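Q: Each chain is listed here by its residues.
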Amino acid sequence: MGNKKGRFGEYGGQYIPETLMNAVQELEQAYLRYKNDPEFQKELSTLLKDYAGRPSLLYFAEKMTDDLDGAKIYLKREDLNHTGSHKINNVLGQVLLAKKMGKTRIIAETGAGQHGVATATAAALMGMQCEIFMGKEDTDRQALNVFRMELLGAEVHPVTSGTMTLKDAVNETMREWTKRIHDTHYVLGSVMGPHPFPMIVRDFQKIIGEEIKAQILAAEGRLPDAVIACVGGGSNAIGSFYDFIGDAGVRLIGCEAAGLGVDNPKNAATMANGTVGIFHGMKSYFCQDEYGQIAPVYSISAGLDYPGIGPEHAQLADLGRAEYVPVTDAEAVEAFEYLSRTEGIIPAVESAHAVAHAKKIAPAMSREQIIVINLSGRGDKDVAAIARYKGVNIHE
Amino acid sequence: MNRISDAFKGKKAFVAFITGGDPDIETTEKLIIAMAESGADIIEIGIPFSDPVAEGIVIQQADERALKNGCTVDKLFEMVKRVRGKTDIPLLFMTYINPIFVYGKEKFMSRCAECGIDGVIVPDLPFEERAELAEVCEKHGITQISMIAPTSRERIEIIAKNAKGFIYCVSSLGVTGVRSELNTNVAEMINEVKKVTPVPCAVGFGISTPGQARDMADVSDGIIIGSAIVKLIEKYGRDSIEPVKQFVIAVKGAM
Numbered sequence: 001m002g003n004k005k006g007r008f009g010e011y012g013g014q015y016i017p018e019t020l021m022n023a024v025q026e027l028e029q030a031y032l033r034y035k036n037d038p039e040f041q042k043e044l045s046t047l048l049k050d051y052a053g054r055p056s057l058l059y060f061a062e063k064m065t066d067d068l069d070g071a072k073i074y075l076k077r078e079d080l081n082h083t084g085s086h087k088i089n090n091v092l093g094q095v096l097l098a099k100k101m102g103k104t105r106i107i108a109e110t111g112a113g114q115h116g117v118a119t120a121t122a123a124a125l126m127g128m129q130c131e132i133f134m135g136k137e138d139t140d141r142q143a144l145n146v147f148r149m150e151l152l153g154a155e156v157h158p159v160t161s162g163t164m165t166l167k168d169a170v171n172e173t174m175r176e177w178t179k180r181i182h183d184t185h186y187v188l189g190s191v192m193g194p195h196p197f198p199m200i201v202r203d204f205q206k207i208i209g210e211e212i213k214a215q216i217l218a219a220e221g222r223l224p225d226a227v228i229a230c231v232g233g234g235s236n237a238i239g240s241f242y243d244f245i246g247d248a249g250v251r252l253i254g255c256e257a258a259g260l261g262v263d264n265p266k267n268a269a270t271m272a273n274g275t276v277g278i279f280h281g282m283k284s285y286f287c288q289d290e291y292g293q294i295a296p297v298y299s300i301s302a303g304l305d306y307p308g309i310g311p312e313h314a315q316l317a318d319l320g321r322a323e324y325v326p327v328t329d330a331e332a333v334e335a336f337e338y339l340s341r342t343e344g345i346i347p348a349v350e351s352a353h354a355v356a357h358a359k360k361i362a363p364a365m366s367r368e369q370i371i372v373i374n375l376s377g378r379g380d381k382d383v384a385a386i387a388r389y390k391g392v393n394i395h396e
Numbered sequence: 397m398n399r400i401s402d403a404f405k406g407k408k409a410f411v412a413f414i415t416g417g418d419p420d421i422e423t424t425e426k427l428i429i430a431m432a433e434s435g436a437d438i439i440e441i442g443i444p445f446s447d448p449v450a451e452g453i454v455i456q457q458a459d460e461r462a463l464k465n466g467c468t469v470d471k472l473f474e475m476v477k478r479v480r481g482k483t484d485i486p487l488l489f490m491t492y493i494n495p496i497f498v499y500g501k502e503k504f505m506s507r508c509a510e511c512g513i514d515g516v517i518v519p520d521l522p523f524e525e526r527a528e529l530a531e532v533c534e535k536h537g538i539t540q541i542s543m544i545a546p547t548s549r550e551r552i553e554i555i556a557k558n559a560k561g562f563i564y565c566v567s568s569l570g571v572t573g574v575r576s577e578l579n580t581n582v583a584e585m586i587n588e589v590k591k592v593t594p595v596p597c598a599v600g601f602g603i604s605t606p607g608q609a610r611d612m613a614d615v616s617d618g619i620i621i622g623s624a625i626v627k628l629i630e631k632y633g634r635d636s637i638e639p640v641k642q643f644v645i646a647v648k649g650a651m
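As given, the protein sequences belong to chains A and B, one line each in that order.
Heads up, the final residue of the first sequence is numbered 396 in my numbering, and it's a clean run with no missing numbers.
Heads up, the final residue of the second sequence is numbered 651 in my numbering, and it's a clean run with no missing numbers.
Simulated from the structure, these hints should not be mistaken for laboratory data.
Small disclaimer: the values here were computed from a predicted structure and weren't measured.
Be careful, since some hints might not be right.
[Claimed, not checked] Here are the computed lysine-lysine pairs in the DSS-like style, where the Cα-Cα straight-line distance is at most 30 Å: (1) A:K49 to A:K103; (2) A:K179 to B:K590; (3) B:K557 to A:K179; (4) B:K477 to B:K631; (5) B:K591 to A:K179; (6) B:K557 to A:K5; (7) A:K103 to A:K4.
The following block holds chain A by itself, in its conformation from the complex (with noise of 0.2 Å):
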């Protein structure tokens, strides 16, 4: 959507300071350039088929399906892209940017882990020194996707400020971004932040619902009735819905976490609990004090462990065009369990989530009612964390 420049509706915006108002400028001009370049398209189509192995499947469901006994269940398997997530979609599209800017240096905040892991991994294929910012707290919950980002030949850098998360690893990043802009490209792993990140993100990861909306056609000859991903910053949920916005009958439903309940102060859950603010160089949705201040969120999930959400969620909440609902750490741990035992499917406990609600809304739809679930993610990375979760002891 998007209509004055750099919003949506109200939202968005680029509230930074001036030190990279030129940098987002000439990365807006850049985008601008190469987003319609054939040459640079043709390269990312190339990196995202041969490298990434899109287009990922979508697949049907089968036992869920008869499990839940309701609406047909799709799921989209970005699970299985190189990496084990949608992260590389957008990682591909900007590290690629930057390398056509000049730039030799990329740096990037992660939550859980898969944007870094995805960032390294393309810095490494595409020669470019590689930073990455991921709260202390992260670091431990995913101490096997830092040693990951460093086999990949980057360096992690422990943020120890304020929450210790994600919304202090994006802190961090755009401080060191200030600091070195000449050389220097930072990779925003969702559709938040400063304009033209939320255009620029969503328009890399839009390919999700692209490919859902021709699979779907060739496997059903219709529509899907809802499509459902988890939604922390939200890319990989504005990369579902986002072909399907002009269809009316599609229903479109992002899965943000609850942690232990949204009457809990242990949350994440933005649109249930969130009001309009502005931060981390947008005007969106936060979880914040009656002084503005930012909350200390949680979530089970490092990766929707965020305080906001992207501005284009925003607009689409209040349009009514998309609904927003919590999804707690139990229903998503259970959702993980379960998708593991029935299709043999680990999720990442992020997309769980996203399984999580569709579980619940599926029984009472029918057969001949379709539901997709953006799979954004594999679960391998959060085995321990599930482990520690339910008081397993998986250490020797």
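Starting from the known structure of chain A, fit chain B onto it as the hints suggest.
A: Frame of chain A, contents of chain B only:
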């Protein structure tokens, strides 16, 4: 002209920054009076924020201390009102846009005017987003201070043309904090400004010693010091009044 630009008349101005409520409101109140009496020309009071993205570690930690000790913008307004009864020095709020936006832009600026705040510096509100506050600032007579950075280049002209009070010239890349060397060509930046406006230029970010203050004041209309003062407050806490006073006297003496 207003109280802010008057502070630059016939002299190089020293803008002194402290984080409001660090370590507590009472100390902030005493520090403002003490700095005003020792030669500071403008006082910039930082409203502590949970996520100060333009700040280095010194001010980040000051914000954390202030918030932990219960500082709120309402308490700062009350404090400013008391201070205003004792001094005429120009007072600025340095705050990120979110605390203003969530408090209510209209309510925030009307309280600023009522309590005696002269202007605001909002580091995450660049020229393109000024409109967010322009109208309410105008309405209540609050000056919105503009910033330029070493990366501003061709943007300097349009920013300077619209500037009021003074222009905050960011000396170097990166966040606030003490630097041993300031290597940006500040003089060149200021020359660009002078081509389009008589509004005074004050240089900030990284200045921490009387010597640096003198060097920067030589090429500008004034200087801004924050982290070096906040470091003294971090070290001496409630007993920081005297050391801060001595520091302000030393800096002003060197300019």
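Q: Regarding the pair K49 (chain A) and K103 (chain A), is the alpha-carbon distance no greater than 30 Å?
A: With Cα atoms ~24 Å apart, K49 (chain A) and K103 (chain A) stay inside 30 Å; holds.
Q: Is K591 (chain B) close enough to K179 (chain A), meaning Cα to Cα at most 30 Å?
A: 28 Å, holds
Q: Decide if the proposed pair is consistent with the structure: K179 (chain A) and K590 (chain B), CA atoms, cutoff 30 Å inclusive.
A: Given pair K179 (chain A), K590 (chain B) holds - Cα atoms ~26 Å apart, limit 30 Å.
Q: Is K557 (chain B) close enough to K179 (chain A), meaning Cα to Cα at most 30 Å?
A: 27 Å, holds
Q: Quickly compare the C-alpha distance for K477 (chain B) and K631 (chain B) to 30 Å and report which way the hint goes.
A: Between K477 (chain B) and K631 (chain B) the Cα gap is close to 27 Å, so the pair holds against 30 Å.
Q: Next pair to validate is K103 (chain A) with K4 (chain A); report whether the Cα-Cα distance is within 30 Å.
A: 29 Å, holds
Q: Checking one constraint from the list: CA of K557 (chain B) to CA of K5 (chain A), max 30 Å. Satisfied?
A: Roughly 23 Å separates the two Cα atoms, so the pair holds.
Of the numbered hints listed earlier, not one is contradicted by the structure.
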